[in-house]
Amino acid sequence: MTGESPQLQTSMTTMTSMTSTTPTAVLIEDVHVRYRVLEQQQLGLADIVKRGMRSRRSIEVHAVRGVSLEILTGESVGLLGPNGSGKSTLLRCIAGVQTLASGRVLVSGKPQLLAVNAALDPKLSGRRNIFLGGLAMGLTKAEIENRIGEVVDFAELVDAIDRPMRTYSSGMKARLTFSIATMSEPPILLIDEALAVGDKRFRRKSLERINQIRERASTVVMVTHNLNEIKSTCSRAVWLADGQIVMDGPTDDVVKAYEASED
Amino acid sequence: MTSLDPRSASASKPEHAGLRDARETDKLAVYIAELWRRRSWTWYVASSEMRSRQINSLLGNIWHVLSPLLQIGVFFVIFGLVLEVDRGVDNFIGYLAVGIFVYQFTQKTVVAGSKSLVKYERLMQIVSFPRALIPLTTTLTETLATIPAYGVMFVMVTASGEQPKLSWLLVLPLLGLQAIFTAGLALVMARAVHHVYDVSQILPFLFRLGFYASGVLFNVNAFLEGKSWRVLFEINPLYCFIELNRAVVLDGGTIDWSLLFNAVVWTVVVAVGGLLWFRAAEDSYGDR
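So the sequence lines, in the order shown, correspond to chains A and B.
Residue 1 is where the first sequence starts when you use the working numbering, and the numbers rise one by one after that.
Residue 1 is where the second sequence starts when you use the working numbering, and the numbers rise one by one after that.
It is possible that part of the hints are untrue.
Stated by the list, open to error - Restricting the straight-line Cα-Cα distance to at most 25 angstroms, the calculated cross-link-like pairs of lysine to any residue (SDA-like) are:
#1 50/A / 144/B
#2 141/A / 196/B
#3 119/B / 166/A
#4 141/A / 32/B
#5 141/A / 42/B
#6 119/B / 174/A
#7 115/B / 46/A
#8 141/A / 43/B
#9 123/A / 196/B
Please keep in mind that the hints were generated in silico from the structure rather than gathered at the bench.
Keep in mind that this is a model prediction, so the values were computed, not measured.
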């Protein structure tokens, strides 16, 4: 990129094409996340007149309380813990879509959440949705065209790909979504409880693909309740409760301790 | 928003050099560059939406033609024939047609843009991108939808007795300028509705008021000759766009340069100001 100022160069554009050469993939430094849960999510005029812009009918949730974590390139880390422990919120912090109350999250490449279904349109065909999902993740049309055959094959949807997605079964939708999300070969892949989909055979395929992604020195961070998944995919596990880290270490040790605590 | 300067990212250890803040709220130049980089996504969403609208309802497409026809017919009968408000206008049907299509372009687009952040809330929780992309994509979609609507407008104008002229081509750049203005307004309303939901209920009412205040139904020159508050119309951007389009479609292209100047100034102010104002609340969109 000749002629461009240094500031423009250090943008998300270069991040997307950057291959991760730094030893650290994700650095979470004393992160706190707070959000307000309003009784009524949207403020109406009546509420503002009565109570001002900050409606008092709200609770503040301190979802993440001072979490610090370093994840190395090529590691696969599982986040486990009870509901409400802040696992999904922390994942979104890594993805860069969550506002932090304090602290910071540094990443070596552009992270990608597996759930791209929010970018898809069920009225359109599977093929068009592959483009929608790919473009949402930051790929160019040309890159998508190069990979579209592989995406369709992996999802096993060769016959159905030109039908509208709303005609697909839930298994087909899940397979396509997973296939689209892994099309972009993200340097940091973030998975939020999205693997328990499809039949046993497809689940095995999905885990294989995640392992392939790991082998290409990408980093994987996964939130799941399925302890078997963590054991088969992750080398390291972090146990979260009430927004804080309880334990961080080799998967077997942490899972054993976690299971013991649940009894 | 983090309290630390993202540029000190590589502060502590050498192996942390080259790490970037995951929540990079970029400088304006980078924000705009990223908007530009994402343009094929915007274009793809807009054209896919057009495609599915066309396929989905034949009756819907007929309605797109019938509805303005009926509207113009009713206005013509009541305001033209009964109330004789068509003072100063040769071709009242053509006059109404241009006014209504031009006004409704901005009206429909801004109303859709105001609700766009709500519609794509889930998407913002999953993917990181400049949030201005959402109202801008909605604006592009509605602009594409307006092109066939303008086709209906030209058919009506021809049917009402005008000959197709070369000056009609100028409607395209005017539409482009109005689209930029409308995009800015859509950004403003998207943020406003995000902060106070009731604005989305008030907005259609405001546009209805604007309808009467923009000279859609009557010729301002004929009724307000010499009156001082005529200037209020001339500074109304929608009045400017409507009159410019009428000049090009009905009067063979004699443009009032002061109206064009007003339209351009409004467009620049609303587009730039709208984007900056929208971006100021960037962190608040899509959060729980």
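Practice task
Enumerate the violated hints, using their earlier numbering and listing them in ascending order.
Solution key: Violated: hints 1, 2, 9.
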